[in-house]
Structures are given as structure tokens and as C-alpha cells.
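Could you build the full structure based on these sequences and the hints that come with them?
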Amino acid sequence: MLASIIRRSLFTAPQSNGVQEGYSMNSNSKELVITKLEQGLPAITPAFGAALAEACAVCLTDQDYIQGVELKVKGDFTAVFQLYWQEVTDQMMRCWNDSEYTTEQAAYGIAFLVIQELTDYTVIERSRRGTGFDYWLGKKSENNELPFQNAVRLEVSGIRKGDNSRVKARVKQKLEQVSPTDGTLPAYIVVVEFSNPLAFIVKK
Amino acid sequence: MSQIQELHQQAMDLAEMAQVAKLRGDFNSASQLSRQAFEKERLAAELIAGNLEAEPTRSVLHRSAATLGVECGEIHTAERLIAIALSGNPPTEIAEELKDLFVQINIDKYFARRGIAFDEAKLQSFMG
Chain A
36 MLASIIRRSL
46 FTAPQSNGVQ
56 EGYSMNSNSK
66 ELVITKLEQG
76 LPAITPAFGA
86 ALAEACAVCL
96 TDQDYIQGVE
106 LKVKGDFTAV
116 FQLYWQEVTD
126 QMMRCWNDSE
136 YTTEQAAYGI
146 AFLVIQELTD
156 YTVIERSRRG
166 TGFDYWLGKK
176 SENNELPFQN
186 AVRLEVSGIR
196 KGDNSRVKAR
206 VKQKLEQVSP
216 TDGTLPAYIV
226 VVEFSNPLAF
236 IVKK
Chain B
218 MSQIQELHQQ
228 AMDLAEMAQV
238 AKLRGDFNSA
248 SQLSRQAFEK
258 ERLAAELIAG
268 NLEAEPTRSV
278 LHRSAATLGV
288 ECGEIHTAER
298 LIAIALSGNP
308 PTEIAEELKD
318 LFVQINIDKY
328 FARRGIAFDE
338 AKLQSFMG
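Chain order of the listed sequences is A and B.
Under this note's numbering, the first residue of the first sequence is numbered 36, with each subsequent residue one higher.
Under this note's numbering, the first residue of the second sequence is numbered 218, with each subsequent residue one higher.
Don't take every hint at face value.
To be verified - For each label pair, taking beta carbons as the anchor points, the in silico distance ranges come out as: (1) Arg241(B) to Pro81(A): 15 to 21 Å; (2) Pro221(A) to Asp230(B): 26 to 32 Å; (3) Ser342(B) to Lys109(A): 33 to 39 Å.
Everything labelled a hint here was simulated from the structure, so no lab data went into it.
Glycine included, each C-beta is placed from N, C-alpha and C at the ideal position.
Below you can see the structure in the form of C-alpha cells.
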């Protein structure tokens with residue numbers, strides 16, 4: 036219930052106390068309202084965004100967090116976000132019973148929001164590679180005549196519960212996956228860990 | 218919006234509609250939509266095939282058209298699209314995906330020519 040109240044307040048007009056919408060009183064951390072995924076992105080339909088938000092909510096609730104838990108961003112970016120998510124129902128728990136799949140989808144949700152906040156990029160297309168979950172990022176303000184010009188690849192991975200060494204190993208694995216050599220296509224690698232909320236971002 | 222951009226967008230919309238039709242169990246519609254998506258993406262790829270400098274657009278569109286072609290059973294056309302893409306200047310990452318797709322299309326035939334039955338499920342479990 037708390038989440039829905041927070042969501043309502045953040046989606047309405049700026050706060051009367053003068054606090055900028057989407058930002059907390061603490062200047063060192065911003066609020067990340069996960070339900071904003073329901074609004075969609077250029078390559079994320081509102082329905083799919085809502086599903087990703089549900090996956091995030093399940094992963095965070097599973098860790099017994101309270102609203103406002105801090106997500107640390109490390110790697111090529113340093114930031115702290117306070118996370119807010121929707122209430123998790125029994126139906127959602129049954130729907131998202133596959134832990135691995137849920138973690139993966141939740142990691143996408145977190146990655147999309149964090150990339151939006153920290154870079155000029157947004158998700159412009161899902162790769163047609165087939166089985167992979169590989170996205171293209173494009174500049175928010177750019178409208179190229181040709182698709183994929185100046186686009187950047189996004190590789191995301193999620194870990195429900197793992198220590199730093201596991202996060203680093205996953206980052207290394209993704210770096211190898213993205214570029215055997217120093218390729219010509221830049222890429223962001225985002226590994227999201229949920230037990231000590233962390234988004235580790237590397238730009239390759 | 219350029220003609221290439223427009224065709225690609227239409228192809229992606231059709232491919233998404235095909236996926237939805239498949240989920241609904243309407244395989245006839247899914248097949249028709251997949252083919253339409255493939256034709257649009259193939260046209261987009263053809264429009265840029267002569268521009269070897271337009272990377273990664275050139276190779277990505279060819280890879281995408283080839284993937285849609287495989288879904289439609291247009292294996293020969295898919296192989297040709299992969300070959301055209303590789304004959305240009307694809308970025309390393311896309312080149313590798315193109316090669317992977319080529320192997321994926323041909324691996325069972327490769328084993329069949331050697332009298333070995335290829336088991337996709339076993340390969341997947343091995344890789345997983």
C-alpha cells in the first residue's frame with residue numbers, strides 16, 4: 036500500500052515543500068520509482084514495463100526489504116538510489132515463482148531505470164538475435180535516419196543473492212561475451228545483485 | 218524517417234504481432250505475419266546492401282532479416298543475407314552473431330552428411 040501512495044505522489048505535480056519530483060531530501064541519493072516502468076520506454080511497451088516492475092517488486096520483497104532501501108551503483112558510475120516498488124500479492128508470487136527468470140527480468144527493469152538516470156541513453160530496441168536478451172540503447176534526443184547508428188549495446192545480468200566476487204565474475208563473463216576484441220560497438224554491461232542491492236555498470 | 222527506418226519499424230511491429238499470434242495459438246496468422254516481417258526487413262537490408270560504410274546498420278538489418286528468414290523457413294535466403302552482411306564491414310560482435318546464425322542453420326546438415334543424427338536438445342543441455 037505504501038508503494039502505491041508513493042507512486043501516486045511522484046506521478047503528480049511537484050511537491051509543495053519544494054522538493055524536486057523524483058528526488059529525495061538526501062542530496063546524495065535519488066529515488067528510483069520502479070513502477071515508472073509501467074509508462075514504457077521507446078522499446079518497452081507499458082505492458083512489458085509493468086511486468087518488469089512486478090519482477091523487481093518480487094525480488095525486493097523476497098529479500099524482506101522495506102521501501103526506500105538503497106541501491107548502490109558501482110563500477111564506471113557511482114550513485115545511490117532509494118528504491119520504491121509496488122505491493123506484492125500472492126498472485127504475483129505464484130506468477131513469478133521461477134527465481135532465475137524473475138531475477139533476470141528484474142535486473143532488466145533496474146538496468147533500464149538506472150541507465151536512464153545516469154546516461155543520455157534509453158532503450159530503443161530489443162535485439163533480434165534470437166534467444167539472447169540483448170538490447171540496443173540510443174540517445175534520448177537523437178533521431179537518426181538509419182536505425183542503429185550511434186547505438187550502444189546493453190547486456191544485463193541479474194543475481195538474486197551473491198557476494199562481490201560473484202558479481203565481479205559475472206561482469207567479467209559479460210565483458211568477454213560482449214567483446215572478444217575491442218569491438219567497434221560500445222556496450223554497457225549492467226549486473227544487478229538483489230541481496231545487497233547493487234548495480235555494477237561497466238562501459239566497454 | 219528514412220525508407221529504411223520505416224521498413225525496419227514495420228518489420229519489427231509485424232514480428233511482434235507474429236509473436237503475439239503464436240502465443241494465442243493462431244499459428245496460421247503467426248506464419249503470415251512472420252513472412253510479412255521478413256519481407257519488410259529483407260527490403261530494408263537490400264536498400265542498404267550497397268553502402269558498405271553504413272555500419273552497424275547494414276549488418277544488423279541483414280542479421281535481423283536472416284533471423285526472420287529462418288523463422289519462415291527461407292533458409293537459402295537467410296544464408297545469402299548472412300553472406301552479404303559478412304562481405305561488408307560488420308563490427309566484430311555482429312559478425313560473430315552472423316556466423317553463429319549460419320552454424321545454427323547448417324549444423325544438423327553438417328552432421329547428417331557424416332551420418333550422425335544431430336540432437337538439438339542434447340546440445341542445448343550441454344551448453345546450458
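Hints and how they fare:
For arginine 241(B) paired with proline 81(A), a C-beta distance near 20 Å keeps the hint of 15 to 21 Å intact. The given range of 26 to 32 Å is respected by proline 221(A) and aspartate 230(B), whose C-beta atoms sit roughly 27 Å from each other. The hint said 33 to 39 Å for the Cβ distance between serine 342(B) and lysine 109(A), and at roughly 35 Å that hint holds.
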